[in-house]
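**Student:** The opening residue of the sequence shown carries number 33 in my numbering; numbering runs sequentially from there.
Treat the hints with care, since some could be wrong.
[Said to hold, decoys possible] Each pair of labels, with its calculated beta carbon distance range:
1) 261 <-> 554: 17 to 25 angstroms
2) 86 <-> 560: 52 to 60 angstroms
3) 242 <-> 489: 43 to 51 angstroms
4) 509 <-> 228: 37 to 45 angstroms
5) 219 <-> 244: 43 to 51 angstroms
Bear in mind the hints are in silico, worked out from the structure with no lab data behind them.
Since the structure is predicted, the reported quantities are computational estimates derived from the model, not experimental observations.
Cβ atoms here follow ideal geometry from the backbone N, Cα and C, with glycine treated the same way.
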Amino acid sequence: MLRNKLYNSYKILSLSIIIIISITLLWRMYYVNRIVEFSHESGFYNSSFNLVLKSNLNNYSIYYTVDGSEPNNKSRLYNNSIFIDGTNTNHNSFIPSTPLEGPDHLDKFIWLEPKKVSKTSIIRFALFKHGFRISPVYSKTYFVENNLIDNYTFPVISLITDSLSLFDVNTGIYVPGKKHEEDGFNYWALGNYHNRGINWERDAHITYFNNNGKIGFQTNAGIRMRGFSSASFPQKSFNIYFRSKYGLDSIEYTLFDTSNNHIYKRLILRNSGEDFFKTHFRDAMLQDLLASMNLEIQQFSPSILFINGEYWGMYNVREKYDKYYFKYNYGVSEDSINILGVCGVEIEEGSQNDYFEIENFIKNNSLAISENYDLLTTKIDIDNFIDFYIAQIYYAHYDWPCNNYKMWKTDHSDSKWRFLIYDLDSSFGHDSLKSNYNTLSMQHATSLLKEWPYCPCSNLLFRSMLENDVFKQDFLIKFKYHLEHTFAVDVVLNKIEKYKTLFEPEMQRHINRWQHPSSIDLWYTEIDKLKTFAIYRPAVIKANIIDFFELENFDFDNQ
């Protein structure tokens, strides 16, 4: 009886799968033969033109929109060619993306009306018959002006979506909206932009133009908001999800010159996090400095974003740490990855069991004993761990260790836990009181305080390892090496200058859009703070290490 039931269930399941596959194939075949031909592909044009749309089908209609919404049978009916001149009458950029009033400490984070917004033409169109859409929706972006591509030194991304997806009070993910009406403020202005999960993912069309104005890739994708405090800022970060239900399941394109990987399932369009009001490149530059260390880093490429044909400022395209990052960068099966947050409590992927076994072992066994420490080295990548702590300590990262702390390993028996460095915005002189060049970061990294940014469980590993003489020696030897090489003053100053030169041509246009920072002179001042940190930090670190470890000296050549 049981066998018959299982057999019948199997037959039903098999039949269901066949039906689903058949419907999918028929639907694709149905769409393949119902295409709209268009006279001009998305791109940069030196002069205005007439866009011609047509199809080889009879008794059809083409409806189109120019505001980012998907066309329906109530949209504009195509009768004659459409004049494209690069203009746009939308005003999404004048919709406030933060509350306009609130606690005094949030005054500097309030949305300000743009001084100037560059625009371009967008159009979405599709075939209809008897009032029903019978083709895919086509989404196109047209920049029209003599040599306009020469105005942008970064790749340009066009994001097209229904404005209600971003700005509606109830469903818009980019505005304070209903959530702010209900929840108000904690320290930050809570809003729809803090809602997470698949229910707050919105569909959009993305076209990526390279530095020559040519299309790198274009597809429909899902978008969600990213970050917490930075989501409360006027310009906000996006997570991009490539899914087959929208368009391409992944993109294959060389986004980052320094990466061997060219397949991406998810990406970040980042507003530079806490650095949004300052240099706009702090995290990208600081991760770049760490490229020679035994650390995973998120690749970086700057870009210019347009949303529904309106200039949205500079965004940093970044890799997203998730199972697909490790799959495409390191060939790790997405089913065998474990990614944990602070203290191993938050599970992003996989399981936390192995980590808690390590934590319990440390709590019950002194690492000053060689055998115990040796056992730990079979579970944790010590070289990576040391580099992770050296970078955080040298950078005077304040929003750490009880935040911005992740670890990963595979399920393979010989895999060890490694630690991920990211979101370094609150470091390297970001705050004159909390992350300045004279910050005593050894004390910060080992603090037993229990309020943010501290929690004892987050630095339990480091404090316990410092009990072991071998670890201490390895830590100091590596720190000396990185101070002489990775963080040598000239090396860091050259890196800062490189990023200043990269961003400088785009900065004024971004300031005109967001008024953050408030002026180009303030931007230069923030860059000078980076240089000051680079110059004076080594001497402070030296004194901090000597005092913390009770050394007679800690010599290194940093010039």
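**Student:** Determine for every hint whether it applies to the structure shown.
**Tutor:** Evaluated hints:
| no. | hint | result |
| --- | --- | --- |
| 1 | 261 <-> 554: 17 to 25 angstroms | 20 angstroms, holds |
| 2 | 86 <-> 560: 52 to 60 angstroms | 58 angstroms, holds |
| 3 | 242 <-> 489: 43 to 51 angstroms | 45 angstroms, holds |
| 4 | 509 <-> 228: 37 to 45 angstroms | 42 angstroms, holds |
| 5 | 219 <-> 244: 43 to 51 angstroms | 44 angstroms, holds |
In this structure, every one of the numbered hints holds.
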